[in-house]
Amino acid sequence: MTAIAKNGPMKASVASLFSLRGATGPLVGLLLLSAFLSFATDSFFTSRNLLNVLDQITVLGIMAVGMTFVILIGGIDLAVGSVLALAMMVMGYMSNVVGIALPLAMVLALVVAAFAGVITGLLITNFGVPAFISTLAMMSVARGLANMITDGQQIVGFPSWFNLMAIVRHGGFLTVTVGLMFAVFIAGWIFLRNTTGGRSLYAIGGNPEVARLAGINVKLMTIGVYTMSALLSGLAGIVLAARLDSVQPSSGFTYELDTIAAVVIGGTSLSGGTGGIAGTVIGVLIIGVLRNGLNLLGVSPFTQQVVIGVVIAMAVAAEALKKR
Amino acid sequence: MATKTEPPILSLRNIKKSYGSLEILHGIDLDIHAGEVVALLGENGAGKSTVSNIICGTIAPSSGTMTWQGAPFAPANPRQAIDCGLGLIHQELRLLPYLSIAENVFVGRWPKKPGSIDRRLMEEMAQEQLQRLGLDLPASRLVEGLSTANQQLVEIAKALTLNARLLILDEPTAALGGAETERLFEQIDRLRADGVGIIYISHRLEEIRRVADRIVVMRDGDKVQEFDSGDVPVRTIVESMVGREMGRMFPTFPQPRPETVLEVKNLCSATGAFEDVSFTVRRGEVFGIAGLVGAGRTDLVRAITGADPIRSGSVHLEGREITPRSPAESIRHGMVLVPEDRKLQGLVLSHSIAENIGYANFQSVAPKGWVRQRNINAFADRAIGRFGVKGQGQQNADEMSGGNQQKVVLAKWLAHDPKVVVLDEPTRGIDVGARSAIYEIIVELAEKGVAVIVVSSDLEEVLGVSNRIMVMAEGREAGILDRSQANDVSIMELATS
Chain A
1 MTAIAKNGPM
11 KASVASLFSL
21 RGATGPLVGL
31 LLLSAFLSFA
41 TDSFFTSRNL
51 LNVLDQITVL
61 GIMAVGMTFV
71 ILIGGIDLAV
81 GSVLALAMMV
91 MGYMSNVVGI
101 ALPLAMVLAL
111 VVAAFAGVIT
121 GLLITNFGVP
131 AFISTLAMMS
141 VARGLANMIT
151 DGQQIVGFPS
161 WFNLMAIVRH
171 GGFLTVTVGL
181 MFAVFIAGWI
191 FLRNTTGGRS
201 LYAIGGNPEV
211 ARLAGINVKL
221 MTIGVYTMSA
231 LLSGLAGIVL
241 AARLDSVQPS
251 SGFTYELDTI
261 AAVVIGGTSL
271 SGGTGGIAGT
281 VIGVLIIGVL
291 RNGLNLLGVS
301 PFTQQVVIGV
311 VIAMAVAAEA
321 LKKR
Chain B
1 MATKTEPPIL
11 SLRNIKKSYG
21 SLEILHGIDL
31 DIHAGEVVAL
41 LGENGAGKST
51 VSNIICGTIA
61 PSSGTMTWQG
71 APFAPANPRQ
81 AIDCGLGLIH
91 QELRLLPYLS
101 IAENVFVGRW
111 PKKPGSIDRR
121 LMEEMAQEQL
131 QRLGLDLPAS
141 RLVEGLSTAN
151 QQLVEIAKAL
161 TLNARLLILD
171 EPTAALGGAE
181 TERLFEQIDR
191 LRADGVGIIY
201 ISHRLEEIRR
211 VADRIVVMRD
221 GDKVQEFDSG
231 DVPVRTIVES
241 MVGREMGRMF
251 PTFPQPRPET
261 VLEVKNLCSA
271 TGAFEDVSFT
281 VRRGEVFGIA
291 GLVGAGRTDL
301 VRAITGADPI
311 RSGSVHLEGR
321 EITPRSPAES
331 IRHGMVLVPE
341 DRKLQGLVLS
351 HSIAENIGYA
361 NFQSVAPKGW
371 VRQRNINAFA
381 DRAIGRFGVK
391 GQGQQNADEM
401 SGGNQQKVVL
411 AKWLAHDPKV
421 VVLDEPTRGI
431 DVGARSAIYE
441 IIVELAEKGV
451 AVIVVSSDLE
461 EVLGVSNRIM
471 VMAEGREAGI
481 LDRSQANDVS
491 IMELATS
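Chains as they are written, first to last, in the numbering used here: chain A, 1 to 324; chain B, 1 to 497.
Note that these hints are calculated values from the structure, not bench results.
The structure displayed is predicted, hence computed values, not measured ones.
Possibly wrong hints are sitting among the right ones.
Beta-carbon label-pair distances, calculated as ranges [as the list claims (entries may be wrong)]: (1) A317(A) <-> W110(B): 50 to 60 Å; (2) L321(A) <-> G27(B): 35 to 45 Å; (3) V53(A) <-> H90(B): 51 to 61 Å; (4) F253(A) <-> E128(B): 36 to 46 Å; (5) D398(B) <-> F253(A): 36 to 46 Å.
To give an idea of the interface, some chain B residues facing chain A are shown, with a C-beta separation under 7 Å as derived from the structure [unchecked claim]: (6) A71; (7) F185; (8) T323; (9) A328; (10) I331; (11) V348; (12) F362; (13) P367; (14) G369; (15) A378.
Even glycine gets a Cβ: it sits at the ideal position worked out from N, Cα and C.
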């Protein structure tokens, strides 16, 4: 009557020990990739370069946390790159054209970004527009608004402390932006692991009707997830502005694809219900290390695109094969 | 009329079907002659649909042989059966609403002229067929907006253009009114005169006399009786359908207490699935809901527990109006629905048992919204022990047998001691052992004073567990029977009224 898989309980306990939720494959891939680059180049395995990698992945890392939530519930968010640009432009315009204090402008930028997420969430839950379409629409609207603010022009001239947040390494290694990324990682990880809200996302992704009948407010959670994804895109926009010391409406173009790629490489299934932040961090690191390593090896940007495409396909194919 | 001297156009000999170790069809023999209408009757789950699906090639029999117009017949898929001249008209219609009647009739085999579809030829041919069936509509009209009866006729037209010699009509009148039904029967008479053989599956026993030449009754995967005339008293058919099965044991149920826990007042479905249903359930009472498929039982209990919207009416718990608008609200008030489909509504199959139990019990395992895996596991282990689940918390739900899955589903919703428990088909598709374990759980609930509602298509089960039984028919409350007055015949008579 019972069908206990012989290695079932063991497998589960090992996985929960590392809490990778099926991200062991990507972790092995990341380690192999790093080992290879350490031998192939002189400069990869130096503290300076590794800190550079961390700086380079901050924007992607922050957005990928929100995207993990979205993909966990079986959704998709194509608007993240555009919302990032919109938040940047709102911040730049408010601080340098309207003239309010920069911290206040940041808050406004986050509010606008979150509002975009609420709209997308409502479109999905209350108007029955599929996530793919409603975020596609928001992608277009947010990009257009970002351009309208300055008629496509960039804004420069922020206070010096703003740019220094992305440059000064406190304690010799941690910039404010990297610290922020770590904080988002940890908060996302705790949310998914240790709160009923986080657990509900797994239930919704597993089967929304089961979740609803179990008493989970699926609509509210869905709106919340898209709001969080947009909010984190806005935050990533602020981080990008600090790194560039300028804002421009063309920023974040095609970032949605990188973000989805990082999440999926990290083992979160596009069909929803499985995955987690640990895997996403690994996915983000794989993309960051790969870009960095290919640059160090002197590979041309065009070839890099090909390599990254192949890696995405291989990572997901390997996971799919493992499941069979 | 059929003449028995001619060989049958279709014969089934000793057809069996098993899923795993469970045999659901125990060797069926059946003959259909040209120009006769055979009514195939039986309770839900008797095996009628399995038989028609085997004939149509939708599912393959485990053993046995079929003969079609004198030659061996073993369709590997529906396409082959259709090519041989069989037509199945499904209970749910499968027409494409945004195509014309003619396009639907010829879907996938549109008459062609070089480079394109020959629309005119197609519409002429379809029109001819519609006239033959007495359907006075232009073949170029879209299917969208056609009445159900007319859609049935379009389906039949489709089957006839395929030169069907045998039609299987599965519940063709389920959605039809009196006049429409009569028109369908006229067409059936016409087809019979043309020498088409018809297998007619229906739950409406009164209409059998009007339409059938012979009756075949099935029960629990067996052919139990054959009548050589359609003119058999309904009572005789019902007795044959329900039979007198031996040996099923039900535990003794306690007497309900006097206080009313749940009161449902004039509830109407937002979709029209049921109208104006009222009843009360007392503390410690097991209230059965019986009826045929499509009578609105599941719709009713889903609406009561907030899973489906209502148009009007109210739900009262312990004298207070609660009328839940979502499952979450219902659960908060202490009223839970254990849904009918454990695989699609009860469990996230790819997640562990512990997680599944946790999803419905966040209030208990994480009262402040803060989850610890240890608490979930401990809570799940207790629930697993209490409900006798054979398995471990870390196991995935899809690794378990149906009976065990059902116990997990029960554990999931009963773990935090609700006041009202609604069980929709609690023992469907599970074995005898797990069944009696579930009956024991129901007894335990009743003893604790929980008001239990059991929806079941299994008549014996409803009779065995309920203190009172409400019978539904076509979305109406056909009557409430006390345990002392209820028997299978009285229920079936109400259900087919």
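> Checked against the structure, which of the hints given earlier come out wrong?
Replying inline: The structure breaks hints 1, 4, 6, 7, 8, 13, 15; every other hint is satisfied.
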